[in-house]
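Participant: So the chains spell out like this:
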Amino acid sequence: MTRPAMTGQERTAWLFTGPVLAIILAVLVLPVTLALALSLTDYSIYALADWDNVKFVGLGNFAELLRTALFWRALANTALFAVLGVPMAIGASLGAALLLHDATVRWKPLWRVALFVPYVTSVVATAVVWRFLLNTRFGLINYALGWLGLPPADWLGDPHASIPAILLFVTWKIFGYNMIVFTAALSAVPQDLMEAARLDGASRWGRFRHVTLPAIGPTLLLASVMSVAGFLQIFAEPYVMTLGGPAQSTVTVLYFMFDEGFKWWNLGQASAVAMILFVLILAITFVETRIGKRNAWL
Amino acid sequence: MGDRGRRQDGVTRRSVLAGAAALAASSCGPRSASPPLRFWATSYEGDYAPHLMPAFTAATGIKVDVQSVPSTATHEKMLTAFAGGALPDVFVLPSGWIGEFAMIGALAPVPALDYVEDIVPSALALAQIEGKNFAVPWSAAPQVQFYRRDLLRDAGYDTPADTWTAWREMGRAIKHRRPDEFVFLTLLNWPDTLFSMLYQTGMTMLRERDTRGNFRSPEAEFAFAFYLSLFTEKLAPRALSTEVQDAFAAFAQGRYAVWPSWPSLLLDLHRRRAEIPRERWGVARLAGPNGFGPAAMIASNVAVSARTTQPESAWALVRHLTSTATELRFQQLIGNLPARETAWTLPQLQVPMLRPFAEQMRQPAMAPKIVEWERIQIEVQLVAEHVVRGLLTIPQALATIDERIDQILAKRRALVEAGRIT
Chain A
1 MTRPAMTGQE RTAWLFTGPV LAIILAVLVL PVTLALALSL TDYSIYALAD WDNVKFVGLG
61 NFAELLRTAL FWRALANTAL FAVLGVPMAI GASLGAALLL HDATVRWKPL WRVALFVPYV
121 TSVVATAVVW RFLLNTRFGL INYALGWLGL PPADWLGDPH ASIPAILLFV TWKIFGYNMI
181 VFTAALSAVP QDLMEAARLD GASRWGRFRH VTLPAIGPTL LLASVMSVAG FLQIFAEPYV
241 MTLGGPAQST VTVLYFMFDE GFKWWNLGQA SAVAMILFVL ILAITFVETR IGKRNAWL
Chain B
1 MGDRGRRQDG VTRRSVLAGA AALAASSCGP RSASPPLRFW ATSYEGDYAP HLMPAFTAAT
61 GIKVDVQSVP STATHEKMLT AFAGGALPDV FVLPSGWIGE FAMIGALAPV PALDYVEDIV
121 PSALALAQIE GKNFAVPWSA APQVQFYRRD LLRDAGYDTP ADTWTAWREM GRAIKHRRPD
181 EFVFLTLLNW PDTLFSMLYQ TGMTMLRERD TRGNFRSPEA EFAFAFYLSL FTEKLAPRAL
241 STEVQDAFAA FAQGRYAVWP SWPSLLLDLH RRRAEIPRER WGVARLAGPN GFGPAAMIAS
301 NVAVSARTTQ PESAWALVRH LTSTATELRF QQLIGNLPAR ETAWTLPQLQ VPMLRPFAEQ
361 MRQPAMAPKI VEWERIQIEV QLVAEHVVRG LLTIPQALAT IDERIDQILA KRRALVEAGR
421 IT
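The listed protein sequences derive, respectively, from chains A and B. Read left to right, the first sequence gives residues 1 to 298 (the numbering used here). Read left to right, the second sequence gives residues 1 to 422 (the numbering used here).
Be a bit skeptical, because a hint or two may be false.
[Said to hold, decoys possible] Below, computed lysine-lysine pairings styled on PhoX-like, alpha-carbon distance capped at 25 Å:
no.	chain 1	residue 1	chain 2	residue 2
1	A	Lys263	B	Lys77
2	A	Lys108	A	Lys55
3	A	Lys263	B	Lys369
Hints were generated in silico from the structure; no laboratory data involved. Keep in mind the model is a prediction, meaning the values are calculated, not measured.
Start from the sequences, fold in the hints, and give me the full structure.
Facilitator: Written as structure tokens, this is what we have:
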């Protein structure tokens with residue numbers, strides 16, 4: 001049985017896709033496979049001393065993780081970040097984009113730049129500034145609360161306030177990006193439909209719900225997929241602002257992985273965490289695209 | 001990888017130099033092309049180490065490239081550097097990490113005994129691993145307390161009390177006069193104060209050849225209860241270091257009267273003397289349950305990488321850095337306390353302010369020398385934070401600690417049982 005020889009067209013196709021496929025293989029498939037392999041071993045600092053200290057443990061790392069209270073804590077914290085953070089960030093982006101889209105707003109480019117700037121500033125620099133803003137005793141935010149007659153909050157010191165405090169910062173930091181994306185999407189909303197709806201007496205909310213929203217649906221889906229993935233991988237903000245504290249209330253899955261893997265060199269365990277996170281993000285994205293399909297956005 | 005890259009680099013540079021020499025047809029021979037020695041140190045030691053190098057370069061002709069590594073990321077940076085074959089030729093290690101880095105084969109053994117002659121015995125004891133020397137002690141940093149003379153005097157104390165109960169009583173007296181401020185500056189992610197208290201009770205923290213936690217003991221309960229009382233009485237703040245952005249300023253402004261800290265604070269006190277004049281602060285040994293006792297001690301040690309390509313130059317640098325003269329110079333520069341016994345007999349160190357350090361250095365707490373110790377300390381402090389925040393009771397906390405330690409030491413236990421390590 002011989003296979004038919006490749007046609008010239010097929011050869012050309014392989015020639016063009018080959019380099020990209022090779023790169024994907026080298027920088028994506030290979031590392032992921034190796035991480036998967038690593039997650040089935042008990043690779044630890046002892047392995048640096050002697051490779052014979054590495055054992056194949058099957059799903060042992062995963063079983064161990066499920067027994068670790070801090071891992072569950074990290075999962076819960078991450079879920080809280082995502083559940084609160086995604087609506088906050090997308091809401092802020094969409095709100096700002098709608099405001100800026102209004103015909104009566106002047107100096108639009110200036111506003112866009114001003115609102116986009118936090119996104120392109122360094123996380124660490126802005127986190128340091130926000131730590132000052134959130135300071136219990138001298139912070140501007142508590143000063144403002146005092147002005148409104150509210151008691152000061154111990155933002156970064158109270159395990160219940162620490163996640164909201166970080167979310168305030170994260171939302172401020174990232175909403176500019178999606179705002180720009182939404183601005184682009186809004187300018188593509190058909191004006192004739194909008195006019196027709198207005199003539200038919202649709203309210204402001206009715207026009208938003210039935211004209212704007214369907215038109216920007218695909219963009220909204222994309223933004224939420226990216227935001228969910230981003231929030232599930234949140235790391236730098238708690239690392240810089242709270243070091244995971246107070247009382248481990250801001251330890252996220254990625255933070256946990258970083259500690260296990262790079263601080264304590266339990267790379268087997270850390271790879272298992274990475275695998276779980278990978279599967280989680282994949283599953284959530286899958287659900288999101290199903291929702292998108294049902295709404296005929298894709 | 002890195003080593004190979006460097007070597008090729010050297011070859012290229014040498015051939016280029018040789019080529020240039022041939023082209024110019026000059027009579028001078030090619031210059032030595034060995035790359036500079038790389039040296040890493042942490043925080044102030046790293047920042048000020050370049051001042052120690054000109055003398056070395058002048059004497060030996062060897063150039064040294066100093067890099068200061070931030071203290072919060074030193075451990076992971078060094079481990080990653082080792083795994084990636086990028087450790088510098090010479091680096092500074094706290095004594096608690098020597099066992100770990102020796103175990104993974106990162107350290108070259110000290111080649112001759114005279115490197116560690118005339119070292120303060122406690123510093124040498126902390127540095128040795130099963131009687132072997134993998135690093136040369138450079139400085140010793142026992143934990144002591146810095147106190148505000150003025151605030152203590154207002155409360156009727158000349159010096160801090162030396163027993164726990166009296167120390168806390170003193171705290172109450174200060175708090176009584178200044179109810180809005182705290183007394184003890186010990187933050188919830190700084191494990192050393194709690195560990196000094198634990199050591200002072202004389203407890204044994206691990207059992208079964210250091211493979212299991214041993215915190216469910218009356219001694220640990222006693223120390224935890226005392227530690228907790230400082231927070232419940234609001235003598236110490238329920239805060240992390242991320243919340244107290246400038247601890248020094250807080251101390252200088254009198255928001256704390258007592259700061260259990262390290263000799264490295266001496267440099268801050270010198271550099272920021274405009275904020276707090278010399279006569280307002282003093283140094284004393286930490287209080288113990290029944291008077292002065294052992295306290296946590298960090299000793300800096302200079303080690304040479306097992307993979308260095310220039311061992312002779314590297315050991316020459318170690319000898320230079322750990323000489324009495326260099327250590328005295330560093331003491332002047334940053335307040336580092338020399339590890340050489342001879343240095344302590346000289347007038348420079350015979351000042352009253354250094355006496356508490358000198359005394360405490362003779363009585364260090366000996367931490368278990370196991371790879372996981374650094375992590376265990378952090379875990380214990382995390383659980384202690386939960387206790388202070390009222391999320392766990394002390395008996396629950398001690399049981400949690402033992403459980404966590406057993407989990408962390410699972411791999412070590414398996415290896416010890418298999419006879420692969422001791």
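Participant: Look at each hint and say if it fits the structure.
Facilitator: Tested hints:
no. : hint                : in the structure
1   : A/Lys263 - B/Lys77  : holds, 9 Å
2   : A/Lys108 - A/Lys55  : violated, 61 Å
3   : A/Lys263 - B/Lys369 : holds, 18 Å
When each numbered hint is compared with the structure, a violation occurs for hint 2 only.
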